[in-house]
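Asks: The lines below spell out each chain.
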Amino acid sequence: MQYMLLIYTNPATDLAPGTPEFMEMLARYGKAGETYETDGVFKAGAALQAPATATTVKVRHGKVQTMDGPFAETKEMLAGYYLLDCPDLDAAIKYAAMIPGAETGSVEVRPVVDFSKFR
Amino acid sequence: MLETAAAINTLMRDDGGRLLAALIAELRDFQLAEDCLQEAWASAVSHWQRGLPGSPQGWLLQVARRRAIDHIRRGKNFREKQRELSILMEHDQAASAEDADDNVIPDERLRLIFTCCHPALDETTRIALTLRSLGGMTTPEIARAFLVTEDAMAQRLVRAKHKISVAGIRYEVPEADALPGRLNSVLDVIYLIFNEGYASRAEPYMRPEFCNEAIRLARLLMHLMPGESTIEGLLALMLLHQARAPARLKDDALVPLDEQDRALWSKPLIEEGLVHVKSALSRGLPDAYQIQAAISALHCEAANFAATDWAQIAALYGELTRHKNNPVIEINRIAALSYVHGPELALEMLRGLEDDFKAYQPFHALKADLLRRLRDPAAAQAYEAALAMTKNQAELKLLEKRWAALRS
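Chains X and V are the protein sequences, given in the same order.
Using my numbering, read the first sequence as starting at 1 and increasing by one per residue.
Using my numbering, read the second sequence as starting at 120 and increasing by one per residue.
These are calculated hints, taken from the structure and not from any lab test.
Be aware that one or more of the hints could be misleading.
Straight-line alpha carbon distances no greater than 30 Å define the calculated BS3-like cross-link-like pairs of lysine-lysine that follow [claimed, not checked]:
{"id": "1", "chain 1": "X", "residue 1": "K43", "chain 2": "V", "residue 2": "K200"}
{"id": "2", "chain 1": "V", "residue 1": "K516", "chain 2": "V", "residue 2": "K477"}
{"id": "3", "chain 1": "X", "residue 1": "K117", "chain 2": "V", "residue 2": "K282"}
{"id": "4", "chain 1": "X", "residue 1": "K75", "chain 2": "X", "residue 2": "K94"}
{"id": "5", "chain 1": "V", "residue 1": "K282", "chain 2": "X", "residue 2": "K94"}
{"id": "6", "chain 1": "X", "residue 1": "K94", "chain 2": "X", "residue 2": "K43"}
{"id": "7", "chain 1": "V", "residue 1": "K369", "chain 2": "V", "residue 2": "K516"}
{"id": "8", "chain 1": "V", "residue 1": "K282", "chain 2": "X", "residue 2": "K75"}
{"id": "9", "chain 1": "V", "residue 1": "K282", "chain 2": "V", "residue 2": "K200"}
{"id": "10", "chain 1": "V", "residue 1": "K282", "chain 2": "X", "residue 2": "K43"}
{"id": "11", "chain 1": "X", "residue 1": "K31", "chain 2": "X", "residue 2": "K58"}
{"id": "12", "chain 1": "X", "residue 1": "K31", "chain 2": "X", "residue 2": "K43"}
{"id": "13", "chain 1": "V", "residue 1": "K520", "chain 2": "V", "residue 2": "K369"}
{"id": "14", "chain 1": "V", "residue 1": "K477", "chain 2": "V", "residue 2": "K520"}
{"id": "15", "chain 1": "V", "residue 1": "K443", "chain 2": "V", "residue 2": "K397"}
{"id": "16", "chain 1": "V", "residue 1": "K443", "chain 2": "V", "residue 2": "K510"}
{"id": "17", "chain 1": "V", "residue 1": "K200", "chain 2": "X", "residue 2": "K117"}
{"id": "18", "chain 1": "V", "residue 1": "K386", "chain 2": "V", "residue 2": "K516"}
{"id": "19", "chain 1": "X", "residue 1": "K94", "chain 2": "X", "residue 2": "K117"}
{"id": "20", "chain 1": "V", "residue 1": "K443", "chain 2": "X", "residue 2": "K94"}
{"id": "21", "chain 1": "V", "residue 1": "K397", "chain 2": "V", "residue 2": "K386"}
If you're wondering where the values come from, they're calculated on a predicted model, not measured in any experiment.
So that you can see chain X by itself, here it is in the shape it has in the complex (with noise of 0.2 Å):
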């Protein structure tokens, strides 16, 4: 089944692209993303720029409003995701824990609504 690996990181305490430690942490996601691909689960993958990119839409009584930044008001953001396809929640958990991410920040690993099942 699919689950999707969320990446919640503190973008105050994130390192600065470019730096020595930035590069290790970005060998480190490479070497996971290429674990993923060996083991044969790897479903996509996206890093996110930082949430002061960001916009939010809602749309009430038919109009569209935007708001600069992400909706939250959380200290960690969502800086990048996985989605994987695992035999179960272990592995799942196994993979999520090979996140550099999961170290300074945390990873929320969520299944996926398999539709299949509603048709």
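Following the hints, complete the assembly by docking chain V onto the known chain X.
Replies: Below, chain V alone, put in the same frame as chain X:
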């Protein structure tokens, strides 16, 4: 009629977990298995009035299975349940042919324990689910222990079973690489159940039914996974604690070790506990549970308080800090050392920890005790600090007694 009801109660307690575990294995659906088994029990109440069937367990499983077949056929996701349905019908026919012999019910309880104690579930949920599924405790009993309403506890259990099915928590004993961690999660749940009975968060302070349940679960686990020293260590630890339980309370106040009437300690439990400590440690893989059991064993073996091997106990607490990170361990080590080198030195050691440990109640309780033994007038103030941090009624009464005795 009463006999039938009594027989059903005994069956529920002794075989309920086994039947549920077997049914989940066939149905792959925790909630459905529980509902169908519930219906089978209800059916037994009316059908067994004129006597029990040859194999009550086989009868119950058969009825539950047929209920499940009905439920699945009537359900809207009938089509994707074909696999389960054919397995059920196969089992149903096989059981009829064998005249429902209970010996063919496979023991799937290990899978059920690992599922109930899965680390992706909240700690309270793990405890409640384990007690409900394997312990034969009712939802109201569990709700009372956790100081929540029956509805809230029932909701929590339903949510947990939903998560197990939707989030892909497998109904399996974990594979070798994940086993040690997952086994620890199971043992932690069992020990939390024990502590719920040994030092309850609710009144009364001690609830023997929880301690007995934890010991029963540890015995079951040892039977299902023989040769695991960590399980045997936990069983020993609980037996040796439970052995001393009869001497722990007097007039609702906690009785400290030096004032306990050792004649009240249970000799059979101590003997059994000692056998398991030795057997576990002989495998050469000490861990936190085995070391704590060894400490408890030294207390149990001492003829009186003065004869306690405190140097050995202090050394074991030192060893324990290498396995477990908890400030109380260091405080207990210092307490043990106070009987080897005297209270002054212990107080000196305690002072060194003041900044890090002053938020912990045991720090103040030990400090008060050491000052009392030194007949230092500062003891009163230390007792007041400890009392202010004590929530537990039984311990509160002990500290109040000692504080009051300072004036006489």
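Asks: Against each hint, give a clear statement of whether it holds in the structure.
Replies: Against the structure, the hints come out as follows:
1. Between K43 of chain X and K200 of chain V, the direct Cα distance comes to roughly 27 Å. Compliance with the 30 Å bound is thereby established for this hinted pair.
2. Under the criterion of a C-alpha separation no larger than 30 Å, the hint pairing K516 of chain V with K477 of chain V is consistent with the structure, at around 22 Å.
3. A distance of roughly 17 Å separates the Cα atoms of K117 of chain X and K282 of chain V; the hinted pair therefore holds under the 30 Å criterion.
4. Between K75 of chain X and K94 of chain X, the direct Cα distance comes to roughly 25 Å. Compliance with the 30 Å bound is thereby established for this hinted pair.
5. At roughly 18 Å between alpha-carbon atoms, K282 of chain V and K94 of chain X fall within 30 Å of each other, so this suggested pair holds.
6. With a C-alpha separation of about 16 Å, the suggested pair K94 of chain X and K43 of chain X falls inside the 30 Å cut-off, and the hint holds.
7. Our distance criterion of 30 Å between C-alpha atoms is met by K369 of chain V and K516 of chain V, whose separation comes to about 10 Å.
8. For the proposed pair K282 of chain V and K75 of chain X, the alpha carbon gap of about 27 Å is at most 30 Å, so the pair holds.
9. With a CA separation close to 19 Å, the supplied pair K282 of chain V and K200 of chain V stays within the 30 Å bound.
10. Note on K282 of chain V and K43 of chain X: the hinted pairing holds, with a Cα-Cα distance of about 23 Å set against a maximum of 30 Å.
11. With a C-alpha separation of about 38 Å, the suggested pairing of K31 of chain X with K58 of chain X is violated against the 30 Å cut-off.
12. Distance check on the hinted pair: K31 of chain X and K43 of chain X sit about 16 Å apart at the alpha-carbon level, within 30 Å; holds.
13. Distance restraint check for K520 of chain V and K369 of chain V: the Cα-Cα separation of roughly 12 Å lies within the 30 Å cut-off, and the hinted pair is therefore satisfied.
14. Restraint check for K477 of chain V and K520 of chain V: satisfied, since their Cα atoms lie roughly 23 Å apart, inside the 30 Å limit.
15. Between the alpha carbons of K443 of chain V and K397 of chain V the distance comes to roughly 21 Å, so the proposed pair stays at or under 30 Å and holds.
16. Note on K443 of chain V and K510 of chain V: the hinted pairing holds, with a Cα-Cα distance of about 25 Å set against a maximum of 30 Å.
17. The straight-line distance between the Cα atoms of K200 of chain V and K117 of chain X is roughly 11 Å, inside the 30 Å bound, and the hint therefore holds.
18. The straight-line distance between the Cα atoms of K386 of chain V and K516 of chain V is roughly 28 Å, inside the 30 Å bound, and the hint therefore holds.
19. Note on K94 of chain X and K117 of chain X: the hinted pairing holds, with a Cα-Cα distance of about 27 Å set against a maximum of 30 Å.
20. A hinted pair counts as satisfied when its Cα atoms are at most 30 Å apart, and K443 of chain V with K94 of chain X qualifies at roughly 23 Å.
21. Taking the CA atoms of K397 of chain V and K386 of chain V, the gap is near 17 Å; set against the 30 Å cutoff, the hint holds.
Of the numbered hints given earlier, the model fails hint 11 alone.
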